[in-house]
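Chemist: Letter by letter, the chains look like this.
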Amino acid sequence: MNIELTVNGISNQIDVNENTPLLWVVRDMLNLKGTKFGCGKAACGACTLHIDGEAVRSCSYPVKNAIGKEVTTIEGLSSEGQIHPVQQAWIEEIVPQCGYCQPGFMMTTAALLEKIPNPTDADIDANITNVCRCGTYYRMRKAIHRAALLKQQNT
Amino acid sequence: MSDSKNKKGWSRRKFLVRSAVGTGVVLGTAYLTRPVQKRSLAQIANTIEPPYQGFTNDPTIWFEILADNSVLLYSPKVEMGQGIFTSLAQMAADELEVDIKRIKVLHAPSASGNMDFFSTGGSTSISSLWVPLRELGATMRQMIMEETARIWNIPSDQLTVSDGIISDGSRTITYGEVVAQTTEWKIPKTPKLKDISKYKYIGQPIPRVDLEDKVMGAPIFGMDATMPDMVFGAVVRPDTIGATLDHIDLGGVADMPGVIQIVQEPDFVGVVATSRMEAELAKEAIKVTWKAERNWQLSDIQEMVRVGKGTAVTVQKKGSPKRILDNEDDVLQSEYTSPAGAHAQLEPNGALAFVEEDRATIYMSTQVVRLSREEIAQRLGLKSKQVNIIPTFLGGGFGRRLYTPNAIQAAVLSKAVGKPVKCFFNRKEEFQNDLFRPPTHHIMRGKLDKQGNILAIEHHLSSGDVTYGSPLLPKAITSFVGSDAGAWRGGMIQYHGIPNHRAISWHVKLPFATNYWRSLGLLANTFAIESFMDELAEKAGKDPVQFRLAHIQDDKAGKRLKAVIERAALEANYSNEVMKGRAMGFAASTDVNTPCAQVAEVSMENGMIKVEKVTCVMDPGISVNPDQIRAQCEGSIIMGLSASLYEQMTVVDGQLQPTIYGPYRMALMRDTPKEINVVLLQNDDKPGAVGEPPLGPVGAAIANAIYRLTGTRARDMPIAMV
Ligand code: FES
Ligand code: FES
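Protein chains in written order, with my numbering: chain A, 1 to 155; chain B, 1 to 722.
Some hints could be false.
Now the stretches of chain B that chain A is said to cover, found in silico as 3 or more residues with beta-carbon under 8 Å [claimed, not checked]: (1) 373-382; (2) 408-421.
One-sided excerpt, in silico: chain B residues whose CB lies under 8 Å from chain A [unchecked claim]: (3) PRO50; (4) LYS200; (5) THR226; (6) ARG276; (7) ILE660; (8) ARG665; (9) MET669; (10) THR672.
If you're looking for bench data, these hints aren't it; they were derived computationally from the structure.
No experiment lies behind these values; they were computed from the predicted model shown.
Note that CB positions come from ideal geometry on N, CA and C, so glycine has one too.
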């Protein structure tokens with residue numbers, strides 16, 4: 001069927017089976033490759049993006065549910081000329097190793113900071129449940145605290 | 001270095017004593033022709049750092065200099081997270097005399113001619129390229145200087161260079177401008193390398209060169225590759241150990257939405273469709289019955305992997321350990337086990353292949369560019385040169401991509417439909433078709449003398465394949481060494497001060513594939529040996545740190561090992577006391593000549609072990625990029641902690657399980673120590689192995705801490721609950 005899907009502020013007309021996971025629409029039809037496939041079963045978080053500001057695991061989210069909503073992917077996290085504090089913090093802490101899991105973590109973190117602007121370690125432990133095989137969690141924790149700080153300074 | 005003229009009349013020098021192309025294996029001819037016993041051969045193999053296996057005599061296949069004076073560095077080694085692209089850029093920038101910001105590191109496609117004939121693995125990318133790459137950079141710089149001298153018609157020694165701009169005092173010209181005017185290059189003698197103290201980038205914690213791409217979500221991975229008119233493939237794979245195809249029912253599949261073609265080959269069945277989802281749904285709809293000879297259970301596997309079963313080779317021996325341990329009283333004996341472990345790298349295996357009549361183009365995440373090229377060429381009936389493997393950034397390697405024959409299937413599907421086909425595993429397939437870390441069983445025996453020093457010690461290891469059966473190593477090598485060099489990695493006794501010691505490797509053939517997993521046998525072997533060292537120290541009534549130090553010899557390796565042990569004890573303020581509900585555990589190992597000591601601090605939370613802090617002291621020799629070495633230590637500690645505490649593949653009714661993250665329990669954010677303190681020592685004058693050595697001590701350090709905290713000795717991984 002034909003649907004209209006707004007991703008990173010741009011509206012797209014696409015012809016797709018409405019039950020297709022949003023992940024594949026974003027990756028293969030809109031060619032936004034920053035959102036990753038890790039498991040396809042909502043178990044790793046590599047595919048995390050935002051739907052109306054909420055972190056969603058897009059591999060397990062049918063595209064039809066996103067109609068009429070704002071989808072944001074890692075490519076749209078920073079606004080023109082202004083890098084998002086989470087990405088800034090990730091750069092300052094030199095977090096990524098292989099990098100494959102990182103967009104999912106950054107999207108999860110960005111959504112978390114909207115809810116809890118200054119998360120404690122316990123908040124981070126409870127809310128950041130994505131998988132990173134390279135074991136970058138140690139730097140990620142530092143980056144999350146730093147992002148919270150940067151974000152408060154910006155506003 | 002001597003000069004020799006090649007056919008093109010270039011002066012062609014050797015960059016390396018042994019450029020090694022054609023020998024193509026870790027253990028080169030130098031070792032094979034010597035009539036040595038298998039035991040000493042094994043000892044050699046344990047410390048060998050294989051030289052780079054590729055072309056290092058022509059800078060023009062490594063570097064491309066663009067008109068804007070930027071430099072492309074084509075790397076034959078792949079970037080899988082270990083940070084080598086950054087270190088390679090540092091090494092090149094310092095000798096090329098350009099600002100590192102001007103260097104972009106790219107994966108060299110196999111067709112470029114700059115191909116590693118072996119692999120990216122074994123923690124040797126930087127150590128093996130340390131000399132050749134700097135020499136290539138220096139030579140490239142010299143080539144450009146000499147061309148400039150020709151253009152300006154003045155002697156080259158009147159020229160100076162800074163950041164890619166050459167000057168004779170009155171005028172300047174950029175590398176890019178020189179290159180634009182040069183059609184044929186003369187390769188000069190290798191210039192003398194700079195003194196290490198003169199380097200601007202080497203030794204500095206330069207931020208990763210791929211940082212921005214990875215933070216902004218750039219499409220750099222194999223799974224991100226696209227080509228015009230690309231379609232999607234899926235391949236039916238067995239989910240049962242040892243299963244062969246019994247019956248296949250394709251009824252109705254060809255008419256499913258999006259299906260382009262079903263491809264039946266002698267060894268697999270695949271389907272090509274217009275989207276990933278359609279390909280997956282069509283594959284699921286193919287009704288396959290499998291036939292398996294046996295309904296394997298975990299207990300069957302555990303019974304096979306026992307010391308005493310299979311074949312044994314003594315890989316290390318000094319003195320008469322057997323006589324002492326068989327005959328004396330009061331011999332301490334302990335057994336340890338570790339389970340099969342999955343790689344679980346986040347990016348699944350797969351490839352994008354486009355096969356045309358006379359060539360094939362393959363985008364893929366692989367650690368074995370050459371092997372993949374040869375396999376695909378053979379299957380398609382093409383010449384090697386007609387297959388171009390374009391390596392992409394890897395979404396994790398960890399050894400999982402040291403064998404990537406799945407690319408053959410993408411190529412075969414592409415040939416069948418005449419379009420580019422992208423074909424990737426799903427997660428269940430990834431778990432069930434992994435080449436696992438083999439399960440192990442260890443028996444340690446030890447005997448103390450009257451003073452409480454170790455008189456004799458031995459380590460028996462039983463393991464499935466690691467290097468055995470690997471297509472990467474010719475059979476002749478593995479059978480000549482006589483034992484599985486990967487399985488006993490880290491399995492030898494490093495306490496050479498013990499007068500009688502030996503290590504024996506037992507090999508069993510398992511019904512499912514096991515292979516290279518980051519650090520190979522190191523984690524499990526160190527778990528056994530270093531746990532046992534604590535057990536012996538306790539029996540002797542000695543401090544575990546002093547006890548270790550007392551048994552290390554004063555040769556170079558011994559001194560380096562002692563230094564990391566002493567420093568780790570100091571940094572962590574190591575104590576045998578339980579303080580504020582926390583206890584410490586100590587362990588040390590040496591891997592590929594890099595010694596590493598760690599102290600783990602653990603506590604209990606609701607009956608579960610929590611690792612609060614890890615102190616890690618490692619001596620990798622020269623640290624080209626100390627920040628990325630730290631990152632490798634942090635990552636290794638977390639991966640080793642994960643494997644030691646939580647991870648376990650099991651076998652239920654012939655199926656390898658679990659098949660998804662979560663049930664395959666791995667360390668998450670909440671399990672990560674709040675403190676990881678990494679200290680780097682430098683007691684060698686060259687860069688050594690980094691990516692695997694820090695995985696060694698983790699498991700044993702945690703187990704030793706748990707013992708101190710709870711009084712219970714954890715002897716079976718995973719050890720989360722004791
Ligand atoms: S791919 Fe969506 S959670 Fe793993
Ligand atoms: S950085 Fe590699 S999986 Fe997270």
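Chemist: Hint by hint, which ones does this structure get wrong, listed from lowest number up?
Modeler: Violated hints (numbers, rising): 1, 2, 3, 4, 8; every other hint is consistent with the structure.
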